[in-house]
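A.B. asks: In case you want the letters, here they are:
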Amino acid sequence: MTDDDRVFKALADPTRRFLLDRLFERDGRTLTELESELEMTRFGVMKHLRVLEDAGLVVARRSGREKLHFLNPVPIRLIHDRWIDKYAERRVSALADLKTELEQSS
Amino acid sequence: MTNATQAPATTTQVYRVYIKATPEAIWDAITKPEWTERYGYAARVEYDLRPGGAYRAYPGEEMAKVEGVPDVVVDGEVLESDPPRRLVQTWRMLMDADMAAEGFTRLTHEIEPGDAGVTKLTLIHELENAPRLAAIVGGELEAGGAGGGWSWVLSGLKTLLETGSELDR
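As they're listed, the protein sequences go chains V and P. Numbering-wise, this note's numbering comes out as the position in the first sequence, counting from 1, plus 1147. Numbering-wise, this note's numbering comes out as the position in the second sequence, counting from 1, plus 17.
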């Protein structure tokens, strides 16, 4: 699996997107905090966090006795910069071409 | 709202990127002006890489054209320098008086070699009492022309080191 595959796979799940949204709201949370917002076992939340960590979307760091989870936006940025920009640009230039063509034929 | 399980909100931001390059190449790309001018904000950095050494970032060609940009855009002090593995420094943005007034923040770069020539770069920015700076480096003001913050900078750094060319701006 490529890095991009892992990111798309991780994002293709509502619980994992929910976890990312919670971290976006307030970063650096413990497993206990994240678990308290979900109707799910601790083990289930850990499994989802592991998938997010493997995809690089979450980075866990120790802070004293606690393990804090941080949202890492870089993999999404990489997909944006490599893929989405490319197609958005093509769409804009296609529209520009269409405009030129319509104006010439009128 | 607070409850027993809620720790105080952290102001730290953490970014991680995997780059197919040596730790030495990544270290140079962070600390040498000939590299920093080619990605992100394209600033020209000056590092005195020893504890207590000065750090300054000067506006790149594009940024220098913008009216009101100061001669030095970021300053700070090197706290720890362990090439090519770990760089800790203070970091204060001087773009305007309000931002300068937020004072020094703490920035750490960790570089760890991994498998198959892929190196892990982790950037930790401790932004206590610096909400304006946090918004900028978090990329929240990109639509307003403030650049995409650290995730944009690291995306550009990865592209430059892996392909030898610069990300379109």
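Just to be clear, a hint being listed does not mean it is correct.
[Claimed, not checked] Listed below are the simulated DSS-like cross-link pairs for lysine-lysine, each with C-alpha atoms no more than 25 Å apart in a straight line:
no., chain 1, residue 1, chain 2, residue 2
1, V, LYS1214, P, LYS137
2, P, LYS137, P, LYS82
3, V, LYS1214, V, LYS1194
4, V, LYS1194, V, LYS1156
5, P, LYS37, P, LYS49
6, V, LYS1156, P, LYS49
7, P, LYS82, V, LYS1194
8, P, LYS137, V, LYS1156
9, P, LYS37, P, LYS82
10, P, LYS37, P, LYS137
Think of the hints as simulated: they come from the structure by calculation, not from any bench.
A.B. asks: Please verify whether LYS1194(V) and LYS1156(V) have alpha carbons no more than 25 Å apart.
C.D. replies: 14 Å, holds
A.B. asks: Does LYS1156(V) sit within 25 Å of LYS137(P), going by the straight-line distance between their CA atoms?
C.D. replies: 21 Å, holds
A.B. asks: Given the hinted pair LYS37(P) and LYS49(P), is their Cα-Cα distance within 25 Å?
C.D. replies: Cα-Cα ~19 Å, so holds.
A.B. asks: Can the restraint linking LYS1214(V) and LYS137(P) be considered satisfied, given a maximum Cα separation of 25 Å?
C.D. replies: 20 Å, holds
A.B. asks: What's the verdict on LYS37(P) and LYS82(P), does the C-alpha distance respect the 25 Å limit or exceed it?
C.D. replies: Distance ~34 Å between LYS37(P) and LYS82(P) Cα, so the pair is violated.
A.B. asks: Assess, step by step, whether the Cα of LYS1214(V) is no farther than 25 Å from the Cα of LYS1194(V), and give holds or violated.
C.D. replies: This hinted pair holds, its Cα atoms lying about 15 Å apart.
A.B. asks: Given the hinted pair LYS37(P) and LYS137(P), is their Cα-Cα distance within 25 Å?
C.D. replies: Holds, because 9 Å separates the two Cα atoms, which is no more than 25 Å.
A.B. asks: Sort out whether LYS82(P) lies within 25 Å of LYS137(P), counting only the CA atoms.
C.D. replies: 35 Å, violated
A.B. asks: With the threshold set at 25 Å, check whether the alpha-carbon distance from LYS1156(V) to LYS49(P) stays at or below it.
C.D. replies: Roughly 37 Å between the alpha carbons, so the hint for LYS1156(V) and LYS49(P) is violated.
A.B. asks: Starting from LYS82(P), check that the Cα of LYS1194(V) is at most 25 Å away, please.
C.D. replies: 50 Å, violated
Consistency with the previously given hints fails for numbers 2, 6, 7, 9, ordered from lowest to highest.
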